[in-house]
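Chains as they are written, first to last, in the numbering used here: chain A, 1 to 361; chain B, 1 to 361.
Be aware that a few hints might be false.
Per label pair, the in silico range of CB-to-CB distance [stated by the list, open to error]:
#, chain 1, residue 1, chain 2, residue 2, range
1, B, 93, A, 287, 30 to 38 Å
2, B, 91, A, 39, 31 to 39 Å
3, A, 344, B, 209, 49 to 57 Å
Below are the DSS-like pairs computed for lysine-lysine, each with C-alpha atoms no more than 27 Å apart in a straight line [stated by the list, open to error]:
#, chain 1, residue 1, chain 2, residue 2
4, B, 357, B, 127
5, B, 113, A, 310
6, A, 170, B, 350
7, B, 178, A, 219
8, A, 105, B, 95
9, A, 122, B, 113
10, B, 165, A, 68
11, A, 95, B, 105
12, A, 9, B, 105
13, A, 253, A, 241
14, A, 165, B, 138
15, B, 127, B, 14
16, A, 39, B, 165
17, A, 170, A, 39
18, B, 105, A, 96
19, B, 14, A, 39
20, A, 165, A, 357
Don't read these hints as lab results, they were simulated from the structure. A quick note: this is a predicted structure, and the numbers were derived from the prediction, not measured. The beta carbon of each residue, even a glycine, is placed where N, CA and C say it ideally should be.
2 protein chains.
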Amino acid sequence: MNRRLQEVKNSLGKTFDAILVSSIPNIIYLTNFNGFSDKEREAYLLLTKNAHYVFTDGRYAEVASKIKGFKLVRTSPNRNFGQALKGIVGKEKIKKLAIDERDIKVSETLQIKKVVKTCPDKNLIEKLRATKDTTEIKNIQAACRLGDQVFEYILSEIKLGITEKEIANKIEIFILQKGTQISFKPVVAFAANSSSPHHVAGNTKLKKNNIVLLDFGVKLNNYCSDMTRVVFFKKATDKQKKIYQTVLEAQLKAVEFIKLSIINHRPINASEVDKIAREYIKSQDFPSIPHSLGHGIGLDVHEKPSLSPKSKGELKQGMVFSIEPGIYFPDFGGIRIEDLFLLTQKGPQKMTSANNKLIEL
Amino acid sequence: MNRRLQEVKNSLGKTFDAILVSSIPNIIYLTNFNGFSDKEREAYLLLTKNAHYVFTDGRYAEVASKIKGFKLVRTSPNRNFGQALKGIVGKEKIKKLAIDERDIKVSETLQIKKVVKTCPDKNLIEKLRATKDTTEIKNIQAACRLGDQVFEYILSEIKLGITEKEIANKIEIFILQKGTQISFKPVVAFAANSSSPHHVAGNTKLKKNNIVLLDFGVKLNNYCSDMTRVVFFKKATDKQKKIYQTVLEAQLKAVEFIKLSIINHRPINASEVDKIAREYIKSQDFPSIPHSLGHGIGLDVHEKPSLSPKSKGELKQGMVFSIEPGIYFPDFGGIRIEDLFLLTQKGPQKMTSANNKLIEL
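Make the full structure from the sequences, and use the hints.
Right, dumping it as structure tokens:
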């Protein structure tokens, strides 16, 4: 049995004796099978003391039957998941089933609760996923390298009159042509549009002296990259330059704080890292960051650990996360710089290598 | 106020006095705003007797404040959705809140139920969405036309040795180059792979005499198309020809049944339409369809009405749905033909126009 399955199964027997795995990243993490859609519920895994099951319908029965170490339980219009689960609950005498409350929908619990008592799974798989193994790191690193190439390529495509959507499409096409896919819809925002951290690329045309914010990622072998850069078309004003340097400095200060903590063998509270960057920005008389400082990344673009004022966890070696401070003004625009870091025994190792100096095109 | 909002609000006051709208298609349907991600929960709408609210965080506050007819309620790390909802529930004296149980997650209900009693929303917005207005039909028709072009283009790219993934990427790139996007990851399956109705395009290379199954869709102005074709590279066997004709005939029989029902002013039970195609396939000694015969389409690729053995609803004029019979054998492959139809007063009007004759490349 693989190490991941073993670790999950080690949690069985105390407060629950079986775990239902429903989210696509968790299913991929435990089976290496990435054939189920993340749009609709098409499968569940069930881990019990005695066996592992994959529940799916006729569309997937053939491929799912080949997932190593899992027994196929077939669902159908005449035998929904709840009914299929009932059979296994009886056979395996399951008393309490742990479910992923952040993923399972109300309508699903109505089925499940008819059959067995449930309790929260305490995000135990997400917690395992926060620390990456060498293969995972290799995949994220490869995705980051392709992201760096995207940035270099797209700079050459930024021209007067081009629309945000055209740039976003060019990014996506470039990544597809490399034989892989985006990890999320590219955010491309010109001028004041960049003040919305998650602006949807639209038909705004590029004008002279616009801010150009680019936030995009690659998904390679199921693993994601994520990067944000802001460039200036043509000239940055003094105010823009000051903001850019403040954002960059905020990121560097957060990195330095983590590095010193590692060197001094101090635990690193994620919330303290957030605070370092946030307080620095405020100290320069700019508004606080209207989002978290960073997020873990892997099979999901956003996963554990979170680096926010509310974070309770610590950053540990083997974790991969973004550090992405930003300063935004509604009528002016926003500047954000985002890179990914792997936490090693020497400190945060930068995984994205794209130029982060102020660029005037 | 727009007609859609009015219709939803007409349902207030009997079993519930407010509705929480959470799914992205429902949010787009009621606001025309498509800026929220469908990956993570970033916003909710709340409709009460007195007002309409949009709940979102700092990343979207600026754009959300511009949604016509909705008041912005801002959430933050220090004021989660439950807390923000509490304020409105008190102010508006909401006694029972209808929620979308197929969309809302367990963790979200834990927040909501602290604040107000809930009940199912009875899919009332999904039911409205099933019948399309003229703008929606125009959008779906435009998406279908582009889908027809994709099919014509991709036929010229199918060559010995090309992989499934390469074809899938070419489909996606073609659609992006037209300035729009896919409605779902293209399914491209060669030979026996086509026996999995939702096969994920992989590195299988095209060989002589392979079945090539193509299932893809376009999303244009938020509206989806969906189409499946099977072509033969190079020659179809007699068995393949027989299956192809049977599948096509099953689709035609379903269409004919709907048309006759319309002409004779008979109600059209969706389950009966499914039965016509399903029974015909079985009557030819082939295995029953391992999925539904069809599904509604619009803002979502799969929405109401469903055409399956379990369907309870009727097909009505103005509905748009797929009819997609298929015959599958694990070691042989699968043949499915899928087209979209708009139900008019004259019968089902085909929206996809791609060649459906047996093609040997």
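Here's how the hints hold up against the structure:
As the Cβ distance of residue 93 of chain B to residue 287 of chain A is approximately 35 Å, the hint placing it in 30 to 38 Å holds. Remark: the range hint 31 to 39 Å for residue 91 of chain B to residue 39 of chain A is upheld by a beta-carbon distance near 36 Å. Separated by about 53 Å at the C-beta atoms, residue 344 of chain A and residue 209 of chain B satisfy the suggested range of 49 to 57 Å. Under the criterion of a C-alpha separation no larger than 27 Å, the hint pairing residue 357 of chain B with residue 127 of chain B is inconsistent with the structure, at around 35 Å.
The suggested pairing of residue 113 of chain B with residue 310 of chain A holds, with an alpha-carbon distance near 23 Å, which does not exceed 27 Å. For the suggested pair residue 170 of chain A and residue 350 of chain B, the alpha carbons sit about 33 Å apart, so the restraint of at most 27 Å is broken. For the given pair, residue 178 of chain B sits about 23 Å from residue 219 of chain A by alpha-carbon distance, which is consistent with the 27 Å threshold. In summary, the hint linking residue 105 of chain A to residue 95 of chain B is supported, as the alpha carbons are separated by about 23 Å, within the 27 Å threshold.
Of the pairs offered as hints, the one joining residue 122 of chain A and residue 113 of chain B holds, with about 20 Å between alpha carbons and a cut-off of 27 Å not exceeded. Taken as a hint, the residue 165 of chain B and residue 68 of chain A pair is honoured in the structure, with Cα atoms around 24 Å apart against an allowance of 27 Å. For the hint linking residue 95 of chain A to residue 105 of chain B, the alpha-carbon distance of about 23 Å falls within 27 Å, and the restraint holds. The hinted pair formed by residue 9 of chain A and residue 105 of chain B meets the criterion: a straight-line CA distance of about 25 Å does not exceed 27 Å.
Restraint check: the Cα-Cα separation between residue 253 of chain A and residue 241 of chain A comes to about 18 Å, which is no more than 27 Å; the hinted pair holds. A threshold of 27 Å between alpha carbons decides the hint, and for residue 165 of chain A with residue 138 of chain B the separation of about 22 Å falls inside it, so the pair holds. A hinted pair counts as satisfied when its Cα atoms are at most 27 Å apart, and residue 127 of chain B with residue 14 of chain B qualifies at roughly 18 Å. With a C-alpha separation of about 20 Å, the suggested pair residue 39 of chain A and residue 165 of chain B falls inside the 27 Å cut-off, and the hint holds.
Between the alpha carbons of residue 170 of chain A and residue 39 of chain A the distance comes to roughly 25 Å, so the proposed pair stays at or under 27 Å and holds. A distance of roughly 20 Å separates the Cα atoms of residue 105 of chain B and residue 96 of chain A; the hinted pair therefore holds under the 27 Å criterion. With a C-alpha separation of about 33 Å, the suggested pair residue 14 of chain B and residue 39 of chain A falls outside the 27 Å cut-off, and the hint is violated. Distance check on the hinted pair: residue 165 of chain A and residue 357 of chain A sit about 25 Å apart at the alpha-carbon level, within 27 Å; holds.
Going through the hint list in order, the structure does not satisfy hints 4, 6, 19.
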